[in-house]
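Residue numbers (the numbering used here), protein chains in the order written: chain A, 1 to 438; chain B, 439 to 703.
Don't read these hints as lab results, they were simulated from the structure. Glycine included, each C-beta is placed from N, C-alpha and C at the ideal position. Treat the hints with care, since some could be wrong.
[Unchecked claim] Computed list of lysine to aspartate or glutamate pairs in DMTMM-like fashion (alpha-carbon distance at most 25 angstroms, straight line):
#1 A:K437 with B:E448
#2 B:K636 with A:E369
#3 B:K642 with A:D411
#4 A:K437 with B:E452
#5 A:K437 with B:D605
#6 A:K60 with B:E489
#7 B:K531 with A:E43
#8 B:K636 with A:D364
#9 A:K57 with B:E692
#10 A:K315 with B:D569
#11 B:K621 with A:D392
#12 B:K530 with A:E247
#13 B:K642 with A:E142
#14 B:K530 with A:E265
#15 B:K636 with A:E247
#16 A:K60 with B:E652
#17 A:K437 with B:E692
#18 A:K60 with B:D674
#19 B:K621 with A:E247
#20 A:K144 with A:D411
#21 B:K481 with A:D433
#22 A:K315 with B:D638
#23 B:K636 with A:E249
#24 A:K315 with B:D674
#25 A:K241 with B:E555
#26 A:K315 with B:E601
#27 A:K437 with B:E496
#28 B:K618 with A:E369
#29 B:K530 with A:E249
#30 B:K583 with B:D674
#31 A:K226 with A:D433
#32 A:K60 with B:E601
#33 B:K531 with A:D433
#34 B:K530 with A:D433
[What the hints assert, rightly or not] DEER-style ranges, computed between Cβ atoms:
#35 B:G598 with A:L413: 32 to 38 angstroms
#36 A:L127 with B:G598: 51 to 57 angstroms
#37 A:S260 with B:N441: 41 to 47 angstroms
#38 B:E601 with A:Q357: 16 to 22 angstroms
#39 B:E555 with A:R20: 51 to 57 angstroms
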Amino acid sequence: MIQQIAFFLVAALAVGAAARPFLKIRRNILLGQPESITGNSAERWKNVLLIAFGQQKMLKRWIPAVLHFFIYAAFVITQVELLEIFVDGLAGTHRFFQPSLGGFYLFVISFIEVLSILALLATLAFLVRRNVLQIPRFQMPELKGWPFRDANIILFLEIFLIFFILLMNSADMALHGNTYGFAVSQWISPLWAGTSETVLHTMERVGWWGHFLVVLGFLNYLPYSKHLHIILAFPNTYYAKLSPRGEMENMPAIMNEVRSMLGMESQSQSDGAELPEFGANDVAALSWKNLMDAFSCTECGRCTAVCPANLTGKKLSPRKIVMDIRDRAEEVGRKIDSGDPQFAKDAALPLSASNFQDGKSLFDRIRPEEIHACTTCNACVEACPVLINPLDPILKLRRYEILTLSQGPSDWLPMFNSMENSGSAWAMAVDRDQWRKG
Amino acid sequence: MSNTIYTMAELAAEGRSPEILFWVGCAGSYDARAQRVTLAFSKILQAAGIEFAILGNEEQCTGDPARRAGNEFIFQMLALQNIQTLEGYGVKKIVTACPHCFNTLKNEYPALGGHYEVIHHTQLLQQLIADGRIRLQGGGDFKGKKITYHDSCYLGRINGIYEAPRDVLKALDADLIEMKRCKTNGLCCGAGGAQMWKEDEPGKQRINIERAEEALSTGATVVASNCPFCLTMMQDGIKAKEKQDEVMTFDLAELVLNHLEKTNP
Numbered sequence: 001m002i003q004q005i006a007f008f009l010v011a012a013l014a015v016g017a018a019a020r021p022f023l024k025i026r027r028n029i030l031l032g033q034p035e036s037i038t039g040n041s042a043e044r045w046k047n048v049l050l051i052a053f054g055q056q057k058m059l060k061r062w063i064p065a066v067l068h069f070f071i072y073a074a075f076v077i078t079q080v081e082l083l084e085i086f087v088d089g090l091a092g093t094h095r096f097f098q099p100s101l102g103g104f105y106l107f108v109i110s111f112i113e114v115l116s117i118l119a120l121l122a123t124l125a126f127l128v129r130r131n132v133l134q135i136p137r138f139q140m141p142e143l144k145g146w147p148f149r150d151a152n153i154i155l156f157l158e159i160f161l162i163f164f165i166l167l168m169n170s171a172d173m174a175l176h177g178n179t180y181g182f183a184v185s186q187w188i189s190p191l192w193a194g195t196s197e198t199v200l201h202t203m204e205r206v207g208w209w210g211h212f213l214v215v216l217g218f219l220n221y222l223p224y225s226k227h228l229h230i231i232l233a234f235p236n237t238y239y240a241k242l243s244p245r246g247e248m249e250n251m252p253a254i255m256n257e258v259r260s261m262l263g264m265e266s267q268s269q270s271d272g273a274e275l276p277e278f279g280a281n282d283v284a285a286l287s288w289k290n291l292m293d294a295f296s297c298t299e300c301g302r303c304t305a306v307c308p309a310n311l312t313g314k315k316l317s318p319r320k321i322v323m324d325i326r327d328r329a330e331e332v333g334r335k336i337d338s339g340d341p342q343f344a345k346d347a348a349l350p351l352s353a354s355n356f357q358d359g360k361s362l363f364d365r366i367r368p369e370e371i372h373a374c375t376t377c378n379a380c381v382e383a384c385p386v387l388i389n390p391l392d393p394i395l396k397l398r399r400y401e402i403l404t405l406s407q408g409p410s411d412w413l414p415m416f417n418s419m420e421n422s423g424s425a426w427a428m429a430v431d432r433d434q435w436r437k438g
Numbered sequence: 439m440s441n442t443i444y445t446m447a448e449l450a451a452e453g454r455s456p457e458i459l460f461w462v463g464c465a466g467s468y469d470a471r472a473q474r475v476t477l478a479f480s481k482i483l484q485a486a487g488i489e490f491a492i493l494g495n496e497e498q499c500t501g502d503p504a505r506r507a508g509n510e511f512i513f514q515m516l517a518l519q520n521i522q523t524l525e526g527y528g529v530k531k532i533v534t535a536c537p538h539c540f541n542t543l544k545n546e547y548p549a550l551g552g553h554y555e556v557i558h559h560t561q562l563l564q565q566l567i568a569d570g571r572i573r574l575q576g577g578g579d580f581k582g583k584k585i586t587y588h589d590s591c592y593l594g595r596i597n598g599i600y601e602a603p604r605d606v607l608k609a610l611d612a613d614l615i616e617m618k619r620c621k622t623n624g625l626c627c628g629a630g631g632a633q634m635w636k637e638d639e640p641g642k643q644r645i646n647i648e649r650a651e652e653a654l655s656t657g658a659t660v661v662a663s664n665c666p667f668c669l670t671m672m673q674d675g676i677k678a679k680e681k682q683d684e685v686m687t688f689d690l691a692e693l694v695l696n697h698l699e700k701t702n703p
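Given the sequences, and given the hints that come with them, work out the whole structure.
Written out as structure tokens, the structure reads:
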């Protein structure tokens, strides 16, 4: 009974504690502008199934794909065991599913154990890849410090999860006269030979509680970690845009302005209000989907590894852009939570995404040479395993620079002038159809 | 068969309207190298007996580089005027030899009210070959020659067109050798996103050199492309590696025309 009460209290406390940071992430995502999600929901579910659930994009690099799949599959199937831990913990039962499932129970637990061993091997391989092998996409400047530690913490937590589950199962098997026949534990439980029942029982409890506490720890760690992708990958693939990849979002305000300038009928009347800022210089001007992208990022760097600008030594790294957006959204969220009136545009009103200024912007993190280096080739968009679009915010930053700041590469000025004055990307003194005249 | 290339205005004056508009684009109109592609493609259309016309001086830049540079005002200005012109002639179908024009006309003009059937010239070439409207002789200049093909981003990854240009190459009887980074993984030539009009940002090397090195490593003697900007970039890259005497860069239309002239004198 004491264990049941303890279990309930620990679980309730941990879930309650995790709720706050998760709600903050939701709030931080909603700092962004509205973006309407249109189009076929069947197409969206297909993306969720194939890309999030089916890991389709991971297959582009097959070694990490296989290793990642072991960890992913183990994670998914272990939910069965976690469910049983919850039932046992609350009801005070022991292996609640075992009697009713019979032979199938043996199969499921054995399956979990085999996948756990594969996941353990994968985790060790990932630790080697992160810490020993010099893999370029894990050695880049944006991974220094916290992102590097974060990746290792996740891998160590995974090792603990697997260790505790095998400790629990093998001690429990030894306690029950090695009759369970679990695929992996049957090879471990002989090591317990000669151990007293009290110790075995304690070990089984250590494994059971240990696994459960690491799960709760993970839950509380997720909102601070790149590991959040295990949740956000699903909504992020669902909400990924379905419109043609080559279509940049139209700007109706400018379209209507230009229409009336050209003497065409304008579709909506300008209300004479001051011109809004165009493009984005901060998270509040990006869309909520841009921000969900940023929080879904697991910093794998597949985008940066295929970026032609990055490959040839330019400062642009699509992964860094996405991480900068996330870090800035967190900074803005923290400052809004502080309630400090120095961050308000209007000190009389409470702080919010629209009533906020701290004298900083994304341009404090992202230098112009980064966004200027982009060729819009979409390699980053193609590469992302969870359908993040790093290009969209880059183009919004460019729009802000050109339209709102009237800055940008000076090389572009002659091009703009020529387009404006002669309708051509190059200023030429000859007719456009000179070529047909020979 | 006439060798005259008409504008929409000239045809309209005679009360005629062609089956397809050939959108030439800024590069195709003004860049000396791309002009040769424009002429080659025109000759193929004439050989196939397709009635087409150009806009001539009424054509303006689609606005792609301005939009991608961030200058939406100039994009809208050009796009809305182009749409007005196209509407004036009742244009329904457009072919273009530039994947940037192709993408903007096809994917971006609809939101501004311009709806057309837009195809890229490599798609039309594939159709003409498949329908037997142009015939290429197997065993011609390219038989057994190693050709590598550079996917432009705006035709390939962005619009998913990988097979049409490869089918055309197959019809040339050439020995197609793919680069390691091809199709969805194709490496950009470095010109997109208005990079064509500016100096590179500081870095280790130019993107077109990286791509040219990859093309050269295939051992191909011809680098085929489908985009006037890729063509310039690949040619410059190969020149920088001092291989311009051994390795030629061509647009697919030039390769097809070269074959056509040999077989249909």
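Looking at the structure, which of the earlier hints fail to hold? 5, 6, 7, 9, 10, 18, 20, 26, 28, 31, 36 and 38
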